[in-house]
Amino acid sequence: MTKLAPHPDRLLPADPGERAIARQLYAEVKDAPIYSPHGHVDAAMLLADQPFPDPAALLITPDHYVTRLLHSAGVPLDQLGLRRDGGEPTVTGRAVWRQLCERWDLFLGTPVRYWFETELSEVFGLTEQPSAANADELYDQLADTLSTDAFRPRALFDRFRIAVLATTDDPADDLAAHLALRDDPTFGGRVIPTFRADRYMNPQEPTWVDKLDALSARADVDASTYGGMLDALRSRRQAFIAAGGTATDTGVIDAGSEPLEPGDAERLHRAGLDGTIDAEGAAAYRRNMLYQLAKMSSEDGLVMQLHPGVIRNHHRPTFDSYGPDTGHDLPAVSLYTVPLTPILRDFGTDPTFRLVLFTVDETAFSREIAPLAGFYPTVYAGAPWWFLDTPAGIRRYRAAITDSAGFTKTSGFIDDTRAFCSIPARHDMSRRVDAGFLAGLVATHQLSEEDAVAVARRLVADIPIQTFRLA
Amino acid sequence: MTKLAPHPDRLLPADPGERAIARQLYAEVKDAPIYSPHGHVDAAMLLADQPFPDPAALLITPDHYVTRLLHSAGVPLDQLGLRRDGGEPTVTGRAVWRQLCERWDLFLGTPVRYWFETELSEVFGLTEQPSAANADELYDQLADTLSTDAFRPRALFDRFRIAVLATTDDPADDLAAHLALRDDPTFGGRVIPTFRADRYMNPQEPTWVDKLDALSARADVDASTYGGMLDALRSRRQAFIAAGGTATDTGVIDAGSEPLEPGDAERLHRAGLDGTIDAEGAAAYRRNMLYQLAKMSSEDGLVMQLHPGVIRNHHRPTFDSYGPDTGHDLPAVSLYTVPLTPILRDFGTDPTFRLVLFTVDETAFSREIAPLAGFYPTVYAGAPWWFLDTPAGIRRYRAAITDSAGFTKTSGFIDDTRAFCSIPARHDMSRRVDAGFLAGLVATHQLSEEDAVAVARRLVADIPIQTFRLA
Amino acid sequence: MTKLAPHPDRLLPADPGERAIARQLYAEVKDAPIYSPHGHVDAAMLLADQPFPDPAALLITPDHYVTRLLHSAGVPLDQLGLRRDGGEPTVTGRAVWRQLCERWDLFLGTPVRYWFETELSEVFGLTEQPSAANADELYDQLADTLSTDAFRPRALFDRFRIAVLATTDDPADDLAAHLALRDDPTFGGRVIPTFRADRYMNPQEPTWVDKLDALSARADVDASTYGGMLDALRSRRQAFIAAGGTATDTGVIDAGSEPLEPGDAERLHRAGLDGTIDAEGAAAYRRNMLYQLAKMSSEDGLVMQLHPGVIRNHHRPTFDSYGPDTGHDLPAVSLYTVPLTPILRDFGTDPTFRLVLFTVDETAFSREIAPLAGFYPTVYAGAPWWFLDTPAGIRRYRAAITDSAGFTKTSGFIDDTRAFCSIPARHDMSRRVDAGFLAGLVATHQLSEEDAVAVARRLVADIPIQTFRLA
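Chains as they are written, first to last, in this note's numbering: chain L, 1 to 471; chain H, 472 to 942; chain B, 943 to 1413.
Isolated chain L, as found in the complex (with noise of 0.2 Å):
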């Protein structure tokens, strides 16, 4: 057996010089209570205070972080656990663990690793490496662990220090988890809701139809007309306000926001509803869509989040079986400063606007959101996403931001997580390499040490809550 024992000083920087000054940095923020202002954590989940499924279910299956580098390695999903053509899960949970305790070592130097070590060792306390060998005795440990009252939702909840979390909502979600939340005396926590209206924006979406239906149903406002929806999607957030949320997402291809004339909008909507719109119809009502959202978020004051640039469903055979958000989602060429062009010269300098941009293409960092966020006064740099959530690639976020942006026009660490029990660990790795980072400034009398212990301690509080509107 192998030792699982993360090490007090991991990601902290090799030079000893630095290490002790990113010690000194790192122990002011440690345990700093979590900001968590975009991720997609169930709040019924947290309404209902169930246990856990097996350990397996909560770790595994819904985790594409780790099923895609186990499916990479030649692992078919279904024996991860996940449903094949809507049927029902045709392996255990034990078996699906297994998968993983013999490819452990397929992660080696990947930050799931990373994760997973701390959460394994941190959360669960387990003291071994995950083995063939020791598999089943790991699973049972764990499957125990999970069926203790300190392991339910709102018990880690409190024990993680999670200040705010944010989830990611359906404009026609009732919110009801969230406002029960919100009146419930025995909770603390504060669980918001994000809109997210990304099914609205797609007229050639099978589902859009539906969608609209739905968000009629809701929103008691008719969504069947182009007008009607964006009525419906503002009554629809402003609930989202009373709910508690402070921002909206948005998912697209690319970041074009050129607007319609009203009547053009409408026209492309009956086509939509007609089945007759084609992909450049389809476009641009999905770019006039990104510009109205923009224009709402100047009206009521909702923190606008923007996620464009991923490839959804890359490989066909695999959605049709699995369906969405099974791993093959992948990073497009991201492009920010032209699309984005009458949004920001419409809403760029209103104090009521706010833009937060992410991206999964780095070359964006320092040739487009670092420039937008070092002028325009709506515009901060959203931190690394997806792929580039990794110590790596905080740290040439940092390098290439901070340039053109420094530290004030940035988002603060998004979790950006469906799996509530890695919350901590991404929150702490962060911390540490961005004590690394600010390190290195003060090793290179770039920063004072009292400057980097004031900016080390925005990045954890004052920034978050004051990018995402959270005071």
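If you are wondering where the hints come from, they were derived from the structure by calculation, not from laboratory data.
Every clue listed holds true.
Okay, derived cross-link-like pairs now, DSBU-like style, lysine-lysine, Cα gap no bigger than 35 Å in a straight line:
id, chain 1, residue 1, chain 2, residue 2
1, H, Lys501, B, Lys945
2, L, Lys3, B, Lys972
3, H, Lys501, H, Lys474
4, H, Lys474, L, Lys30
5, B, Lys1237, B, Lys1153
As the structure is a prediction and not an experimental result, all values here were calculated from the model.
Assemble chains H and B onto chain L, guided by the hints.
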């Protein structure tokens, strides 16, 4: 109050072994004269040699590196002394200075803060970091200093040890200041013009016709035809050479360089005069002009600098109120290898021709610029430009360029600044970062210490002198 | 004279703690056999086993890494021994060698200098750095050395501990040298062919028709129809397999892979024969061919290597005088995720299929190649290629690739060289840099020392063996 005392080892590597080597290398070049072959200082300022205006008008208002970041934090540009709608400034210099001091933390970790600290300390002798508390006191101290003879432009020019200072000038400029400086027996400096014909390349620009008239008048050659304009430009290049010029510069949105038949160019020129040229025609005209400028360089030996890929005046409302160069010029994706094919086909191995390539898109370093400079004897890799002109940017540039182009085919440091008093701080930054880069090669036994010393010295003298034909 | 004595710790990290770890890791792999699954050495050279020609003809003239940088400093290619207009070389080997020695400083800090120093010292036993002063003396010393039996190709093959050497070969090649080597009881090495069908993919290339004839003759299958050509290629792939081949390679300007209906492909094929095909048709033909080659790999299990994104023969006058491969092939922007969609849709999870992706555009590492390799079991991230095959390039590759794809889904080091005597220096460079990268992970507690040792060993053995199916 917080002490302002830039550390003698700042920007040198953190590792003690590397730092010891870097210190030695830096000592070799620390006090070397400054070659500044590209920048935006006004020659007339040196001719007049009047005391500088108030501190804000010297250090803040004209420096869009500084104003853009303050603007990004919500300070309107008129509060920074910029003239709105052509009117008078509405704030005092003291009030502008206070805006900076109150937000001094905004610049933490940025190269602007680094330059500013060095400049305030080493040029102006301040000993406290700016803050809201000491803003007035520092302002008075700076204002007093600026009123002394030791701080008039020529005294600073000598104190900064500037060997050559190149300005940037329109072909229609009379170069009177350059000629007067050259002929002034009391001024020992070398201030040379750079020929920048950007205003003549785009027939859709509102100023194009007026510029042609001005060019005709200055050159005493009728520039109202295409052929006449080329003749006028050629004539002015000779005037620039007579005034000491060794280089040209061109800023274009892309590096396209497809030549036109003279008849086609003449026809587009006429369409420009008629106001009937369309965007496609204007682009063809511009690309042909880039080719013609390269051809002229192949004839007269002026070193051609190319600065492509900047989207000018991104925020239309700011442009409408404040005009150009107000902080919202932004980088575009920039290509070189394909668009420069015609120029390099015809002049790529011509010993008279020389082309220095700059970029604001760092992906071009390893993909385009270094491979071109590593084959074509005429092509040089320009120093990191604008948003990339930072300690971290220079390190990435050296790491990416050296592999395919070595040190010899680079330009030497370019300060590219309007901020005269920041020149020594900027060159000093570059010398420190290069010392650190070379120290890294020495410490990992990729370069001997003797060779590193030789390279460090060449980078600040032989290389700019040879690349820009300053000998 | 300056001593030539490569340092035993060269390329290992500067930080003493990291270096100590890296030294241990490097010691584990330093003397491991070399797997070279992709390169351009000539099998006939090993078969003939004649002494190498003069030092310049061995070390300079055929190596475009060396000649391109000398050319960039103004040395015409004919002065480096290249044949102008098909004529005889106009300079002696001694004169060529002198060109290099006189400009030895040009290579400071470059990987070419690094390889050269290692090779001159460790292979040829030189003890002085080349210089104008000692050029003749070193030339004589090298010439003497090359005339000894110990420096004939097979002796060096053994001394270099080459376990497998893959060459690159046209489908119409008879593979006689490979077969003779395989059957030669006096030669213990393994020299295997790689199937590279580039010449058959572009009907607009002047040689296309002749190549079809040659293919028909070699395969004894009529390749004058599209269907026939596919049959002939399939047949030759079997011959390559019979000669020990395990892989193919393809170099294309882009990775487009849209299949055509057989009738459409046949029609384009005929248009190619008629000389009536246009650029669009030729591109469609090429993209279909890429798909067909992938399909063949899914049938016969030859590992498909893909090297896209090189602009060939950029400087037309040099090509006209000196032909191809003369230093002005240059990188293009390179995409993978979208253009490879058809191949990955149809063969992406096929256990027989395998695709190793290389790039000269490093932006693809984190944006395209690692995410693809981290999902598709068939996709592997190829080692840094060409302009990126350098210490700094390898570090950036590992940092960008490991996050999303770990170590297992990489190719192992690829020397890709025509310069036989540089093979050990190149592999040694890679082993040192990987040892340093792993040491960095160990020093920052992201990897245990035991795991790092295991990974280091795998990178030089199991990984190339498994990826290229060499077992």
